[in-house]
Structures are given as structure tokens and as C-alpha cells.
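Undergrad: These are the residues of each chain, in order.
4 protein chains.
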Amino acid sequence: MTEDQQPIRVGVYGGAGYAGLDLVEILAKHPQVTLVFATSDTYGGQAVPGTNLRYIPFAEADMDAVDAVFLALPHKASAPVAAKALAKGLKVLDLSADLRLNTPEAYEKWYGTPHPNPELLPVPYGLPEINRANIVKSPIIAVPGCYPTTTILGLYPLLCSGAIEPGTPIIVDAKSGVSGAGREPKPNTHFVEVFGNFSPYSPGRSHRHVGEIEQEITKIDPNLGTLIFTPHLLPVDRGLMASIYVTLKADFDSADMQALYEQTYTHEPLVNVLPPKEQATLRHVVRTNACAISLTPVSPRYLHITSVTDNLRKGASGQAVQDFNLIFGFEEITALL
Amino acid sequence: MTEDQQPIRVGVYGGAGYAGLDLVEILAKHPQVTLVFATSDTYGGQAVPGTNLRYIPFAEADMDAVDAVFLALPHKASAPVAAKALAKGLKVLDLSADLRLNTPEAYEKWYGTPHPNPELLPVPYGLPEINRANIVKSPIIAVPGCYPTTTILGLYPLLCSGAIEPGTPIIVDAKSGVSGAGREPKPNTHFVEVFGNFSPYSPGRSHRHVGEIEQEITKIDPNLGTLIFTPHLLPVDRGLMASIYVTLKADFDSADMQALYEQTYTHEPLVNVLPPKEQATLRHVVRTNACAISLTPVSPRYLHITSVTDNLRKGASGQAVQDFNLIFGFEEITALL
Amino acid sequence: MTEDQQPIRVGVYGGAGYAGLDLVEILAKHPQVTLVFATSDTYGGQAVPGTNLRYIPFAEADMDAVDAVFLALPHKASAPVAAKALAKGLKVLDLSADLRLNTPEAYEKWYGTPHPNPELLPVPYGLPEINRANIVKSPIIAVPGCYPTTTILGLYPLLCSGAIEPGTPIIVDAKSGVSGAGREPKPNTHFVEVFGNFSPYSPGRSHRHVGEIEQEITKIDPNLGTLIFTPHLLPVDRGLMASIYVTLKADFDSADMQALYEQTYTHEPLVNVLPPKEQATLRHVVRTNACAISLTPVSPRYLHITSVTDNLRKGASGQAVQDFNLIFGFEEITALL
Amino acid sequence: MTEDQQPIRVGVYGGAGYAGLDLVEILAKHPQVTLVFATSDTYGGQAVPGTNLRYIPFAEADMDAVDAVFLALPHKASAPVAAKALAKGLKVLDLSADLRLNTPEAYEKWYGTPHPNPELLPVPYGLPEINRANIVKSPIIAVPGCYPTTTILGLYPLLCSGAIEPGTPIIVDAKSGVSGAGREPKPNTHFVEVFGNFSPYSPGRSHRHVGEIEQEITKIDPNLGTLIFTPHLLPVDRGLMASIYVTLKADFDSADMQALYEQTYTHEPLVNVLPPKEQATLRHVVRTNACAISLTPVSPRYLHITSVTDNLRKGASGQAVQDFNLIFGFEEITALL
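Residue numbers (the numbering used here), protein chains in the order written: chain A, 5 to 341; chain B, 5 to 341; chain C, 5 to 341; chain D, 5 to 341.
Please note that the accuracy of each hint is not assured.
Any copy, or any two copies together, can satisfy a pair, since identical chains are not distinguished.
[Said to hold, decoys possible] Each computed DSSO-like pair below joins lysine-lysine, with the alpha-carbon atoms no more than 27 Å apart:
1. K113 - K281
2. K92 - K141
3. K281 - K190
4. K80 - K92
5. K141 - K88
6. K80 - K190
Quick caveat, the hints were computed from the structure, so don't treat them as lab data. No experiment lies behind these values; they were computed from the predicted model shown.
Whenever a hint applies, use it, and build me the whole structure from the sequences.
TA: Okay, here's the thing in C-alpha cells:
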């Protein structure tokens, strides 16, 4: 814990969205945190669940009253707040997309708009299992998206060992619960539209998370083939599955990958490699802060990986708190198990 | 059929809402109907499902091109269109709330706004099973709401026979699928808010349909006690249940009501009285145009009635077509079975 | 805590049913409990979730290794185990129906079979909010059913104050998530049968919980009228709502009941009386060990009460642990908040 | 139609399973069919929905009273009935797996048991869009499985044109509604297990439909690489999606495939190729007898195909009736549109 044993004073921007709600819930249980404020322009004045606070408008949030801020704001709105907080010496956990891509050019390519604060880039990518060393040293963290978290963790042991055959596609057929689409009511999140339905969206290489996933996986293995990524909307409230299909190099055998994954993640408290034959399902992870992974060796060269997270937890707020714990030197899983 | 055997030319206002969509689907199958247009300001230009038409904006609808109009518009917007259509000599099937209450005073009481066209009132209430004689003679019909349809049909045989003990409350615990809340996205119809949840709303006597139900049931039996009506939002897309609890007069026996209901509805093609012991469920009626009713004699004086409809069919569009068939002299169930 | 500060050694019979699973989850977090075994004949050998144990067959459970047993067994199978455990000096928390009715005659009436161990009756009814004084003194507790818990807590302040008009019916329209039907696959719990459906069952006075509810409410107010109770199957996994409609005596006013309920439950940590106008929903209680109650004064004489619980928590396992805490002198809400 | 214009007398074996229920519903609307009997040992005596019949036990079905039989029986039970019916000169539509594989060896490999009637093999595969010429000439048809139908139709234009690069894997990430698992209650179809969950099963190459798919696709294109097929259980009642990922030969361009698919299926009334950019969803096909397909050209060499059906309709009973219509010379889509 910090020297003077004072709790860390924390503010949450965007505390009434779905990621914000889970964030508030986790922080309320965190023994070294005092939640000072949570902002919401839409729900201003209403009670912040599980606390004695009420949501305050964005304009009333007082950065001088806190040591750290979590930003669960829309992209483009988040970076300026991050810049201001950083300038005041606060620690910044940004759950938006604004700081995930390393260059303004990449941001503009995937988000179709100039980066609001290019001077902030690059920022350490807040996936502890692949980037812990950089996270602990940084005052500002780009908390990864839900699809990238689940996909990258599903691929990571292969990437580290260079197991994937160059030039072969990496196919990710992904499925997400509806909370991933945000709390603002939209036609595609209307109950009647989702109930009994299942639908792909942003297929192929059109989803914004493609840029983020590719950036991170090619850092580890620069010889990868094309990423093909198709997300689908699942008629459940929360939970995300990345079904990954890869081709291994001839000198690898898919039957050996179980041991590789178990070894890679053996000391990771928030990644569970399931035993052979047990398939990862949403039920394994919903309302937890962990990722679960199962492997199916289809043939010696072909491996099928199923990686699952709770999109609001390990895919958003849980991971943000994991990063927070690292930055402040708390046990990494505090409030997360 | 009409003398010259020409199909009836029909226009649908508000054809892209949930009731409008079902209306268009039914009308497309109707052998004596030509659907000329369907309006939608939100979905203008998009295909009208199951037809070769595209939605046109409200302003472009041509009343001179049709013989009849169905109005699936919001309340307050509907009555002026009804008035205009009536003046042009069209037949009008109004699915909004605007024409259901018989007086402007009642309308203002329940809808909190002056009636836009008080000169239209009263209009025959379009529940054929209780008002067929007046429907067939009228060029304009107030198509009943979903809760009133289901509740009134559940009570009707008792009302006709004066079986309910005066001064005792009539308790209606109702449950509706989410399509009843309309297609416009709202916080309470967001998938995440509804999934896994069940919630009462407008409890006691605060829901607007209380006025409509009371108006109709007291016409048949003026000595009724208080109507207590609490609707709930069910996590399903369609279907509505009214669970009704009544006290009978001492000279009635709840065990005799099965025969009374069967007799009352024996010639009604769209009301099914289930055999004793079989309970009415949503599954009995979803995607049909019928109402199903089951009775439980709890004690000689206490009767429990379960009445179910598809809120978009017998509770809205199916009933509108049933009224349409009556007005134009077609077989009442054309396109409905 | 007990004198020697040793943790209480606990065994769970029937630990793989839905109530058993929640029980194991709660007990695993309980700081004064060591879970020694959990039985399941169906799942014998499989891991007990959240623990290092594996399910053992019923026949292998060793009563001599524990201080207390929780019985989440089918009725008729439970009482003999309770008798044996009691004889060995263990504390017994019975979640089955076997000990809830006070006489063998009542048991035979509602369960259609002679009581297996009539010598055990009567046993204190384990609803702490109405019977705490007797629970703390007893080595054996009949943990209430989910419908009775939710209904009785919804009525209790009225019963204590004698507010209900004698001779008027007490109407309970109840709805339960599917886990209430147990984990064994049956036609009525098949996903396809429940999805998109909503159905009443055991209507009127035919459900077995009628006997249990009546027994307890008439102990407090012997002048009550007929209980009318119709449960329904909700297409959700967990959560239970009792929608209660009562008539008050002329010298009571429904508008005063909010204060009465707040006062009655002011010191109860697991009963939340919601503020006026806020309606109780499943979302208020799912995955919690509390009951939430909202009141709607329909007219001075008519009161509508909505009472909700998680059927597996306050309706089963949470309540069992609450009773356990009382018996052993732990803080009542240990492991429950 | 048949010479004497008499309706075809039809019997359904296994008429109370989910495929059987849809079959009965379709046949009841078929203008050239008289449904003579439907068997069910489980539901014997109960009403056959939408008809005046009652289910009869298997043993009471009279083959002499019918011209054709539909077999919606479990595999192994079906073939002996097919053999008997064929011997009597009846037409046989077998919806089980018994006749789909062309050799007893293949059957034994995938079903783990000797074929009950090897003398029947091979039987024409009843997917009209790829095998119409053989279907019309045969008295007995092997109606395809739901996954094979959806997958093969999604691949067919590519197979015919030899577009797929040999040696590259064909990846099928499939998702099915729960009715695909049958009506008999099992732990994995319990509502509580499926609700809010999503889970893979029989991954890689272990599902029995792999053999059936490979048999048919390699008949058309013998140079295909490995089929990787992972089905998942979707929390919906009906609907099936096959998400297919393929690599094209260098002289093909994925951007040209839209035209190829449109051309291939231009005269197929039950296969809808969606316009570019529109993604196929369950909503496109549920409760219809059609397949809908959408294409995403990911890169010139990589094509992503989404193919959807209602697993009980085009994936089972609708297709069986389509085959029936072909055999008897009726319009192919009779009772299916």
C-alpha cells in the first residue's frame, strides 16, 4: 500500500454507462479506494449504486479532490480529460478507445477523425498479461477493448513462441452480449430486435477493434497473416467469446499447445486454461474478472481456440482496476477475485 | 364482398411500428385488399416487409388513392388524420388511443391533454365480441388497446350475467411482452434492462388503460367495484396475459362459470375457452389473432381467470383487420386464421 | 463465535441442485465455516464449484466429521437425514419441505404421503424476520420455501397490526424464475418450452406452498380471509415476485402503510422497503440475499404490495445461512451482504 | 398432381418431436395432403396440434393406410421403418441420419454402431438445390441435417466453380438454437443452463455432421482442404447460422462472388442471396422454409459467408416437404411459402 496508508481517492467519469456501473461496483469493494465522485450527465442526481454518492454532471467533477481517474467516456471525449488529469499529476485509467492506438494516424484511420490529443500517444497498453512491465511504470494507461482483450489472450502463447504459420489467416469469429453496445438506447439494442435473434456486424476487417488487435499481436509476432474478424450480437446481457482458428507451422503440433498455454498462464490469476476437452463457455466467466481459454487440436496443423471474458469486467472495468492495482502497487487482484 | 368485386384499396399510417408491421403482414395476405401505401417518417424509403412497397413519409400519403385507412399513429397525432379521412368518405380503423374514450373529458383526464378532435366522439369501440352490431354500421372504429381487449374478454361473460358481487374489487395483474412499449428505443426497452428482469409499472389505477377498461365494463355491468390494474413488463417480445381475480355474488358458483364462458363464446372464432384444468399461456396465442381464456374456480365465490392474447394481433392489428372485415362485409376472420 | 474459535465444520446434502450450488457458494465465503463435504449422487466425483472438494455420493457422507448439516434434498428424503443428524447432536438446516408444516396431518394433506418422521414436528420456521427468537434456541430449523418467504414478508407488517379486513381474500399472483423448478431436466423446464412463454401452474389453492403460507400468516392474524395463490413460470433463470392484493379494515388507510412497513423493517438488514413510487423488480434482488418490497396505495382500502426475492437466496440458501448464523451466534448477515 | 387427383395420404413417425411438430404444421396446410396419422410414444393420445388427430403409439401406425411416410425418428430406429415402408411401395422421407451417409462404413464411423439396414444405401441426398435430378426419381430420400444444409448451401457456388484453394481449411463456426437438440429433456437443454450462456460443443471435427458435410462437398469439389466445424448452442429456440471462412484460388476474386451466388441461386425460391453489405441474421429465416446467405469479401483471397436457416424448417421439416413435393410432382414450394 502507499506509504501513508491513506486510501486512494478516485473519480469515475462516465460512471453510469455499463462499464462505469461495473467499475463503481468493483471500486466500492476495493479496500484501498475511496470513491469521491462519479459523473453522468444523463443520470445526474441519481444514486450511484452500492455507494452513498449521487451522480454529478461532468462539469462539476473536481480533479483536485482525487488521486486517480477512470475514464469511461465515449472516444474523442475521453482524451482531453485524460490530458487534463495527467497535467494535474493524477493517474489515468482510460477505458475509451482514445489512447489504445499508438499513433494519431492509426487513430484517424480507424475512428475517422483526427486524434484530439496526439501529444499523449503512445500510451502503455493496459493488458497486464502481455505488458505488465510497462503498465507499472506509467501514470496513464490505455485500457484495452473487450474484443482485443479476449482475442489477444487467446493468441498470446502462440505469438510468443512464433507458432503461427506466416501467411495464413487468423480467423476470429466473435460474439458479444448486448451490454457491449452501450447503455444509450439504439434500434439495434431494443429488446424486441435482439430477442431470439443472432446477427453479425462490422464483418471481415471493418470493425474498429481490428486495428487495435493487429497493433498488439504484430508487436509480438510480426510475421502474421491477415486477421479476419467478425463480431456478432448475442442475445445475452453480458459475456464475450472469441472463437479463433489458426494454422501452425509444420514444426509445431497442435496437441502440444495445451501444455504451452498452461505454462504461459500458470502464474496468471485472471487467465484460466481449461483442461483438455472442456470447452470455454460464457458461464465460465460472466460476473468474474477472468478470461477462460479452451483449446481444440483439430489436426496437427490446425488449432481452434475458444477464449471468453465478461465484456464489462476483464473486457473493461475489471481490467481497468487490475491496471490501477499495478500502478499503485496493490496486489494485482485486489477487489477482483 | 363489395358489389363490384374490386379489392379494397388500403393505406397504413405508421406502418413501421410493431403494430404497423403486423398489420402490413396481415393485410398482405388479405385476398380482398390492395395495400397502396404504408407511411413511416423514420423508415421512409425502406422496403415494407412482405410487399413490393417502400415506406413513404407521412406527408406524401395520398388519401384519394385509398378506400380505407389504418392509423397506427401515436395518440394525439392520430385523431386529426382520422377526421380528415372521414371527411373524405374513407373508412377509418384507428389503432391509437384517440377515439377509444367516449368523451373529451375522459380523454383529457387520462391523457393529460385536450382532445384534438372532440367532434369525432363517441366512436364505436372495436371489440367485435362485445360490440359487433355497432361496428358493422360505422365508418370509423376505435380499435381497443391490448390490455383492455384481453381484460374485457376475460370478464365479459361475468359482466353479461351480472355475476360479480358489487363493491368487490376486480383485480387484474397483467403482463405484457416488450413490443407493447413500441419500436422507438427507450431506456426501459433496452435489451440489457429487460433481460432477466420482470417489473411492474403504472400500478394500481395509474395506467391509461384503466379508463378505457372501466368505460367498457361498466356499460355492461354498472354495479362493479373498483378496478385494480397493475401491468408488468415481461422479458419476451410479444404476448400479453391478464390474470383476473373476482368475487361472485352468493347465488353464483364459480364451478358453473366454465359452462357460461363456453356458451358465451361458442360462436366466436377468435376466442378460445380452454378445457377445465388447462391453463392459458402465451404459447397458446403468440402469432395468432385469437384470445385464449382459462378458468380456475378457487372457491364457490372466488374465480380466477387467465386471459391471453398476442398484444400485436388480437391486441392491435389482428383486431383492426377483424373490424375492417366487419365494416366491409367480408368474412370476419379473413386473413386472420 | 464459538468459544474455541474453531470454524464450524459443515456438510451439505444435495449440494449440486440449484439451491445447493448457491449454498456452497455462500458457505465458501463464510469466514467461520469449513465446508467438509457436499453430496450429489448425480454429480458424484465432479468438482464442487468454488472449492477444492468433489461431490461425494450420499452414502459416503460422514456425519461424524461435521458440526452442522444443510439438507437440500427432495421432500421425504430429507426428514430421515435430519432425524439422524439431530440424534448425533448436529445442528440441522433443512431446506426441504419436510419440516415446514407443523403437524403430520398437514404434511399428508399437502404432500399426499405420510410424514416420514412425525416425531420431529413441530420445528421452528426459519424466517428470521418473524421468528428470530425461536430460531436462535433450536438445533433444527425448517428453512421456508421461496414463495412463502416472499409472500409472508410482503404481508407481515399488515398481519402484525391486524390491518387486513377479515373475510376478504388475500390474492397473491406470483412469478418465479425457472431454477425454482429444480435442476433435474423435465419437459416444463426445457429451454424451448420456456423461451418466449409465460404460464400459470398450480393455480388457486392447489400449490403446496398454500399450506405453508396459511399456517404462518394465521399464526399472526387468525382472522384472515381466503388465500388465493397462483404461481407462474417466468422465462428467467432466477428471481421471484409475489404481487399481493389486500383489502384493509375501514380504520386503516393504505397511504399510511409505507410508514408502517418502513418502521417494521427498519432494523432488518435483509428486507428493503423501497421509497414510495419506486416499484420492486427482480433486478433489485437477483444474486442478493435480501427481499425488496414496494407498496402502492390503490385506494384507502386497497393496497397492492410487490415483494421480490432471489428464489435461490433469500428464498432458499441465503436464508438457510441466515438461520445458521443465528443458531451459532454469528452476526446474522455474515457471508450474506 | 397425381392422376386421379386424390390427396396423398401421409403418415408421420415421430410427430411430437420438434421437427415432427413443424412437419405436422406444414402438412396440415398442404392442399394435396391428407395427414392420416402421427405417432408418438411419449405423447400418445394427446392432440396433434392444428389437426383433428391424436398421436398414436408407434405400434399402431398402419402403413397400409398411407401413400408416403415421413420419419422423424431417432437414428437407428428410423432405417428399419424406412425399409418396411419401401417394401410396401410407399414413398419415404427420412429425416433421421440413417440414410444420409452413402456407405455402412461411413455410418459406423460417425455413429459408432453398425448400420441397421445397409441394403438401403446409398439413398439420394435430399438437398434439392444440389441434387434435384436424383430426388425426383427416387422413392426414398435422405433428408439432410440442419448443419449440413446450411453449410453446403453456403459453399455450393464456390464448389461448383472450383473456387476454393486446395489445401486450405474450410472453417465453419456454427450456431444453433436449442430445438436442434431435440425435445427430450436433457441437462444441456434445461432453461437455466442455456439462459445467458453460449457454448461450443463437439468442436473441431468431432460432430457427426462433419461426415455428412464432407461427403457431399467433396462430391462436387474433390480437392478441398480440411473441414473444421465447431457448433455452438445459442440461447434461442430456433434458427441456425453457419459462419464460413474460405480461401479462394489466386485467379478468383472474392469481390466477384456476390454475382456468382446471385446467379447460382437466381431460380431457387428457397435460397435468398442478400444484397451486398446486408448481413444474414436469424431473423431473416426463423419460421420460414428458406435459407439466406450474405457474403463479405474480406480481401481478394478471403471470403466470409454467413448462411442461415430455421433448423426445424429448411434444416428439417420444410426441406422434407420440399423433397416430398418433388417426388410427387407438386410445385416445389407448395405449403412452404
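Undergrad: Check each numbered hint against the structure and report the violated ones by number, ascending.
TA: none
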